[in-house]
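Undergrad: Using the sequences and the hints, build the whole thing.
Top line first, the protein sequences correspond to chains P and F.
Each step along the first sequence adds one to the number in the working numbering, with nothing skipped, and position 218 is 218.
Each step along the second sequence adds one to the number in the working numbering, with nothing skipped, and position 421 is 421.
Hints are computed from structural coordinates only; laboratory data are not their basis.
There's no promise every hint is true.
Just some of the chain F residues that point at chain P, by a computed CB distance under 7 Å [to be verified]: (1) 37; (2) 243; (3) 247; (4) 248; (5) 250; (6) 252; (7) 375; (8) 405; (9) 410; (10) 411; (11) 444; (12) 451; (13) 455.
30 Å max Cα-Cα, derived DSS-like pairs, lysine-lysine [claimed, not checked]: (14) 183(F) <-> 183(P); (15) 250(P) <-> 109(F); (16) 250(F) <-> 183(F); (17) 109(F) <-> 183(F); (18) 183(P) <-> 109(P); (19) 250(F) <-> 250(P); (20) 183(F) <-> 115(F); (21) 250(P) <-> 183(P); (22) 115(P) <-> 183(P).
To give an idea of the interface, some chain F residues facing chain P are shown, with a C-beta separation under 8 Å as derived from the structure [what the hints assert, rightly or not]: (23) 271; (24) 404; (25) 430.
None of these values were measured; they are calculated from a predicted model.
Virtual Cβ for every residue (Gly too), placed ideally from N, Cα, C.
Protein chains: 2
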Amino acid sequence: MADQVRNEQERAVERAPDPQAGTGQAEGVPAVNRHEAVVRDMARRAREAQRRLELTTTEERNAALEAIARALEDSTGAILAANREDVAAAEAAGLPRPMIARLRLDEGKLAGVIKGVRAVAALPDPLATEPEGWVRPNGLRIERVRVPLGVIGIIYESRPGVTVDAAVLCLKAGNAVLLKGGKEAARSNAALGEAMSAGLSAAGLPHDLVGVLPPDREAAVALMNARGLVDVLIPRGGAGLIRATVEQSKVPVIETGTGVCHVYVHEAADLAMAREIVLNAKCSNPAVCNAAETLLVDRSVAARFLAEVGPALVEAGVRLRACPEALAHLQAAGVGAPAVEPATEADWEAEYLDLLLAVKVVGGLDEALAHIARYGTMHSEAIVTQDAAAAERFLRTVDAAAVYHNASTRFTDGGEFGFGAEIGISTQKLHARGPMGLAELTTHKYVVRGTGQVR
Amino acid sequence: MADQVRNEQERAVERAPDPQAGTGQAEGVPAVNRHEAVVRDMARRAREAQRRLELTTTEERNAALEAIARALEDSTGAILAANREDVAAAEAAGLPRPMIARLRLDEGKLAGVIKGVRAVAALPDPLATEPEGWVRPNGLRIERVRVPLGVIGIIYESRPGVTVDAAVLCLKAGNAVLLKGGKEAARSNAALGEAMSAGLSAAGLPHDLVGVLPPDREAAVALMNARGLVDVLIPRGGAGLIRATVEQSKVPVIETGTGVCHVYVHEAADLAMAREIVLNAKCSNPAVCNAAETLLVDRSVAARFLAEVGPALVEAGVRLRACPEALAHLQAAGVGAPAVEPATEADWEAEYLDLLLAVKVVGGLDEALAHIARYGTMHSEAIVTQDAAAAERFLRTVDAAAVYHNASTRFTDGGEFGFGAEIGISTQKLHARGPMGLAELTTHKYVVRGTGQVR
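TA: Pasting the structure below:
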């Protein structure tokens, strides 16, 4: 999804919440957080509204999404005007150009966002699954039924499209949503939120189902403290934002996104296939989490493969950070500085999100597995080989959300997996792993019907 | 499960980890934690060992559990001797009697624990589920396969049986386990851990699959900080322990257990059935989390019902905390102080875990729902009524792990639900909700097989 894109600049500007801000001092006395009361009140109202939404039918929820789409269309002028103010302020503040590009909305982009709303309305209702049920020997009838998570908080950065994408996915699955976007997009997000609330009201639902929080760090901290009022937080953005949320939040978090993904070219690889996969995994969209960051090549094919893929990568604008052996092979193939430099330990750990690739020669499958176990982030890992046994061992052994044989890591995506939509890619193991679709925005409860049973 | 039992005394003695201990000072500089290095090293070795376990078959894992059962049998003398030392130390320290009772093992109790190991071996393998699979239009074959969570940390209190129960459930599902029990049970837990490790070695598996951590708070804090080394923490014990773990841990936590459960007697209830359910929900085991803590009664039947259930509860040793209306009805039925006292706000929030029951008269279903939404802990909630529409509205509206119609809340339990075993009862919404069986100790990964696909 588009918002997976981020880069160093954006991360530098939209700093993660300050660990000290408003959470407490050494003695555990909370510092003043000027948004605490506001955020808690919004969360309470969102929960009230969610109880109402939970009782709606699939049709009523889809009609509400259509009403939101229409309200966004009706508010196009106001939204674009607000966005122009955000962009002007960002330009005046000298923010980096790629960030301003992400911030900017125009008629075409907004139409795309609105089209996305209708696409979500058209998806199957994740709450409409047949409950699993069984009867106990004592006659108790137990059903496990799908229910919404409740109130979901989203903490994200400067892309206004996320405001709408995330909100409609939450609503479709019966949840209320509290949105804490970046400061730079404050006016755009307020206008988008207002339009969505107007759509909800037009559909006869409470406008509090969507809440746009104050755009600063204190609001994020208040959200992380709102245990019991907010059911789950989903941070979407750079590694710093995600780590800060995971470490500080008292509300359960679904971690998304950091990807130090590897492509491992095994000695029995089809090298032409490996070349295409490596180029695709690195270059097709280097700024996203499922892009490859490190290439591992078996020693026996390293000279031949690197002589082929090295110049092709450099041709595509990629700079390489190579281990001594790989460096020698690349230099022998005519790839020299500055396109290739010696790798340091930091390169094996780096999520470049850029046209940069670390390259390492390994002694075989075991060494590749050990390297991935040590440096991988449990996101997406690929092996290229014609040896079925090696492939199966790789697929079975590697501990990651998605493991690939003879395919690019770039496929780890809700759309590519056929889920129709995604709210992010989970790199944790609890609740959701890999691309999260609508089902992951729900939970279950047990409904037990008796005739007076006691224990 | 037995370890759900806990009381004020135990909680007072086994205090929750100190929020300041070893986690950091105002400037974020970590204080010295003398167990940090030990715990991290144990976690690394557990992970190595788990990679080995993950590749075993169902039969190999069951054989390992049988070997553990035999090793525990062979070590009975040593285990009971260690336990006698723990009990003697606890008695010398003047620990409360119920706590010493929970701490004490004897031949019969240990045989029960060993029987439990074999019962877990006999359960179906949660990893042996048929993977869900599909083929994408581009030919990619995607499978969602069940895999272990990895390394699981258990933080618990003074019951040595938990050491074995929790470990074998984790192992059965392919996980390594790090056990952080209470100080009082240190010698017992060390002996049990040694026997389990010996069993694993006898079965040809790494003994590091089970690690018994140092029995103090610093080890718990080190475990909570071991993000990336430990995949999930499951705290089992009192509310203080659970809250501290949830709020401090950087490792994802599955929250278990706090239960402020309500029985709501609707105006259309079969009052004889309601009486049995209330007595059962309160009295059959008041110290567990699925016991009722508050009785809500509809105004139109309150006088009649309380005149019947009030004396029966008092007869069973229950003390009542009543709202003014309920108080008047109870007094009219001859139930007076000290058996009944006026309720305060604190009573609606209390998880008594004792022969105490809060009683409130409500104006109908809406008021009952509002009370439960405000004071419930999303554990187990029951309505007693012959009115099907009222029952369905209650079941649909109440946000809890288990909702009951005409049955006791006491059924929220892995065994009663038919899961064969349980590691706890989750009151959170992510990953697991309600009784957690073996399936909840696993996660999934996506295995993608291609023929050179790029995006």
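Undergrad: Now tell me, hint by hint, if it's right for this structure.
TA: The hints, checked one at a time:
Interface restraint check: residue 37(F) against chain P, minimum CB-CB distance 19 Å, threshold 7 Å, status violated. With a least beta-carbon distance of about 9 Å to chain P, the hint placing residue 243(F) at the interface is violated under the 7 Å criterion. A hinted interface residue such as residue 247(F) counts as satisfied when its beta carbon comes closer than 7 Å to some beta carbon of chain P; here the least separation is about 5 Å, so the hint holds. The interface hint given for residue 248(F) is violated, since its Cβ lies 9 Å from the closest Cβ of chain P, which is over the 7 Å cut-off.
For residue 250(F), the shortest C-beta to C-beta distance to chain P is roughly 5 Å, which falls under 7 Å, so the interface hint holds. Interface restraint check: residue 252(F) against chain P, minimum CB-CB distance 5 Å, threshold 7 Å, status holds. Because the closest C-beta pair between residue 375(F) and chain P is about 11 Å apart, greater than 7 Å, the hint is violated. Contact between residue 405(F) and chain P, as hinted, is supported at the beta carbon level, the nearest pair being about 5 Å apart and thus within 7 Å.
The interface hint given for residue 410(F) holds, since its Cβ lies 4 Å from the closest Cβ of chain P, which is under the 7 Å cut-off. This hint holds: residue 411(F) has a C-beta 6 Å from the nearest C-beta of chain P, less than the 7 Å allowed. The interface hint given for residue 444(F) is met, as the beta carbon of that residue sits about 6 Å from the closest beta carbon of chain P, less than 7 Å. Using the Cβ-Cβ criterion of 7 Å, the hint placing residue 451(F) at the interface with chain P is satisfied: the shortest such distance is roughly 6 Å.
Taken as an interface hint, residue 455(F) checks out: its beta carbon lies about 4 Å from the nearest beta carbon of chain P, inside 7 Å. With a C-alpha separation of about 49 Å, the suggested pairing of residue 183(F) with residue 183(P) is violated against the 30 Å cut-off. With a C-alpha separation of about 38 Å, the suggested pairing of residue 250(P) with residue 109(F) is violated against the 30 Å cut-off. Pair hint residue 250(F) plus residue 183(F) holds up; C-alpha atoms about 23 Å apart against a cutoff of 30 Å.
Distance check on the hinted pair: residue 109(F) and residue 183(F) sit about 20 Å apart at the alpha-carbon level, within 30 Å; holds. Note on residue 183(P) and residue 109(P): the hinted pairing holds, with a Cα-Cα distance of about 20 Å set against a maximum of 30 Å. For a cut-off of 30 Å, the pair hint linking residue 250(F) to residue 250(P) stands: about 10 Å separates their Cα positions. With a C-alpha separation of about 26 Å, the suggested pairing of residue 183(F) with residue 115(F) holds against the 30 Å cut-off.
For the suggested pair residue 250(P) and residue 183(P), the alpha carbons sit about 23 Å apart, so the restraint of at most 30 Å is met. Annotation: proposed proximity of residue 115(P) to residue 183(P) holds, straight-line Cα distance about 26 Å (limit 30 Å). Interface restraint check for residue 271(F): the shortest CB-CB distance to chain P comes to about 11 Å, outside 8 Å, so the restraint is violated. Residue-level restraint check for residue 404(F) holds (minimum Cβ-Cβ distance to chain P is 5 Å; threshold 8 Å).
Look at residue 430(F): its Cβ gets to within about 4 Å of chain P, closer than 8 Å, so that hint holds up.
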